[in-house]
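Number of protein chains: 2
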Amino acid sequence: MGLLVVGSIGLDNIETPFDKVENALGGSTTYIALAASYFTGPVSIVGVVGDDFDLGHIKMLENHNIDLEGLQIVKGKKTFRYGCRYHYDLNVRDSLFTELNVFESFNPVIPLKDKKTSCAVLGNIAPSLQINVLDQLENPRFVVCDTMNFWIERTKDKLLEVLKRVNVLIINDSEARLLSNEPNLIKAAKKITEMGPKYLIIKKGEHGALLFGDETIFSAPAYPMENIYDPTGAGDAFAGGFTGYLYKSQDFSFENLKRAVIYGSVMASFCVEKFSTKGLEDLSYLEIQNRFIEFKELSNFN
Amino acid sequence: MGLLVVGSIGLDNIETPFDKVENALGGSTTYIALAASYFTGPVSIVGVVGDDFDLGHIKMLENHNIDLEGLQIVKGKKTFRYGCRYHYDLNVRDSLFTELNVFESFNPVIPLKDKKTSCAVLGNIAPSLQINVLDQLENPRFVVCDTMNFWIERTKDKLLEVLKRVNVLIINDSEARLLSNEPNLIKAAKKITEMGPKYLIIKKGEHGALLFGDETIFSAPAYPMENIYDPTGAGDAFAGGFTGYLYKSQDFSFENLKRAVIYGSVMASFCVEKFSTKGLEDLSYLEIQNRFIEFKELSNFN
Chain A
1073 MGLLVVGSIG
1083 LDNIETPFDK
1093 VENALGGSTT
1103 YIALAASYFT
1113 GPVSIVGVVG
1123 DDFDLGHIKM
1133 LENHNIDLEG
1143 LQIVKGKKTF
1153 RYGCRYHYDL
1163 NVRDSLFTEL
1173 NVFESFNPVI
1183 PLKDKKTSCA
1193 VLGNIAPSLQ
1203 INVLDQLENP
1213 RFVVCDTMNF
1223 WIERTKDKLL
1233 EVLKRVNVLI
1243 INDSEARLLS
1253 NEPNLIKAAK
1263 KITEMGPKYL
1273 IIKKGEHGAL
1283 LFGDETIFSA
1293 PAYPMENIYD
1303 PTGAGDAFAG
1313 GFTGYLYKSQ
1323 DFSFENLKRA
1333 VIYGSVMASF
1343 CVEKFSTKGL
1353 EDLSYLEIQN
1363 RFIEFKELSN
1373 FN
Chain B
1073 MGLLVVGSIG
1083 LDNIETPFDK
1093 VENALGGSTT
1103 YIALAASYFT
1113 GPVSIVGVVG
1123 DDFDLGHIKM
1133 LENHNIDLEG
1143 LQIVKGKKTF
1153 RYGCRYHYDL
1163 NVRDSLFTEL
1173 NVFESFNPVI
1183 PLKDKKTSCA
1193 VLGNIAPSLQ
1203 INVLDQLENP
1213 RFVVCDTMNF
1223 WIERTKDKLL
1233 EVLKRVNVLI
1243 INDSEARLLS
1253 NEPNLIKAAK
1263 KITEMGPKYL
1273 IIKKGEHGAL
1283 LFGDETIFSA
1293 PAYPMENIYD
1303 PTGAGDAFAG
1313 GFTGYLYKSQ
1323 DFSFENLKRA
1333 VIYGSVMASF
1343 CVEKFSTKGL
1353 EDLSYLEIQN
1363 RFIEFKELSN
1373 FN
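Chains A and B are the protein sequences, given in the same order. Those letters in the first sequence? Residues 1073 to 1374, per the working numbering, in order. Those letters in the second sequence? Residues 1073 to 1374, per the working numbering, in order.
Certain hints may be false.
Note that the list lumps identical chains together, so a pair holds whenever it fits in one copy or between two copies.
[As the list claims (entries may be wrong)] Here are the simulated lysine-lysine pairs, BS3-like style, with alpha carbons at most 25 Å apart:
1. 1185 to 1320
2. 1185 to 1092
3. 1368 to 1259
4. 1350 to 1092
5. 1346 to 1262
6. 1187 to 1259
7. 1092 to 1270
8. 1185 to 1228
Because the hints were derived from the structure by calculation, they are not lab data.
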């Protein structure tokens, strides 16, 4: 039994002004689990792929001490596929295609040994699936949840049900404004924490992240990056680093959540330095610690 | 001889979605000097107004230990006037009118006693006027400079002359991108410090500020504000708090510049809480120190 991650697993075609890749490993589960794997293990994932899914990917995940018992491989069907193109301003992306394939009928089944996990991450999937997962868990201590504009706009009622049952919601600034119907982020955060989650993290891309909770606010800086090669998965890497560190330390105080936000930012910064999951595949403990210290020096004053 | 501030002094008509004021005290010099006056005094200002300028404003400035020897009052002429309207998104403003009046033929004359000042702030005025001021100073130790899109677009050559002669440039993110012709702020900062100023501060509004220099970056958080009543003068209040604190401490190390950036952010946060200069007119030492501590708690982690 370890940290549990449920979400999508996919194959991505990604174009940026610098390069392009096809059939690259993607999906929220993948990024979250890889980022978390540097802090704790095994990380159990629950997801679905088709039989076109490269065995090399499976091997790479296993090498990161990721437990694949909950991975469903559906014969004769294709893996979820997504294509997008980033503009020169990497904050803007066009979706080129979305092929749900096996994901269309995904029914997450939590392995028996993982139902008692103390900590789970619900990646960005339909709120009804997130509820399905929550229903299978036996009294988890700490649940971290992601969502996106699509679910806020189309299935808000279901999402509100989810929010009542999770401890931390991680969303970006535009999603926070949409969910709360409030342009001011400080007011938006108040409204959202009243919806259920004790803690809220608002990611602001190149401007860092804000952690709200315990009537306190923590402002995390962004890592100063001259070159971002591929923003795909940055938010998931953040969620993975954040939760992986928390799970390892088993300290859910606000002070430790602040540290976890920095570790999340550290993993997101590594993620965007390479295409697809490459930036998360081969990191050392020292690299991660050094970047944590860089974050500290970046925002520290006396 | 004290800290010297040169820039505009004006009367503003300001409309926001919440309220509107007419003939309110404005201008870069005014905001800079008021903010700086909480750290050091006397603050000497050089500027020009018409004989329509309210004596009440003069009294208020004098009450803040602001030295008005360099203030020219032109008889029979009107003060510089500016009108603008802010939208619901307070980052967007429409200029309604600009009447240069006495400012059209402004020739800054630095009082003899102020020519030897060790520290000067060049508010956002034409680069040719900034050069005129620099030519009158006798070897100042530390010069802080502001500018805006208008001068970057129209008088870039003159501005580049100014930049070779100042120690700190304070601009916002869009101005930094325009000046450097580089969308990435980290790269933009490198290009700009190569133009002359040893230190560069990029203000990012609700996302805080970045200080660049000594091959180091400091990221200052933004104060979490639920209600911004009037953004006018926030950048000038930042420059005033920053320079006032530096002048008082006479410590121009990077570590102390970081503290100065926070004091600048503190003064900007007070500025926007009320209309016109009202937010800077009646602060206590304790309020300023408490907010400095709030900034520290906002970004501190171990």
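Checked hints:
1. 1185 to 1320: The answer is within: 18 Å in one copy meets 25 Å, while 64 Å across copies does not.
2. 1185 to 1092: neither (40 Å within a copy, 64 Å between copies)
3. 1368 to 1259: Between copies only: 21 Å across, 27 Å inside.
4. 1350 to 1092: Classified as within; 13 Å inside a copy, 54 Å across copies.
5. 1346 to 1262: Classified as between: cross-chain Cα gap 23 Å, same-chain 36 Å, threshold 25 Å.
6. 1187 to 1259: neither (36 Å within a copy, 48 Å between copies)
7. 1092 to 1270: neither (40 Å within a copy, 38 Å between copies)
8. 1185 to 1228: Neither, since 32 Å and 67 Å both go past 25 Å.
Checked against the numbered hints listed earlier, the structure breaks hints 2, 6, 7, 8; every other hint is satisfied.
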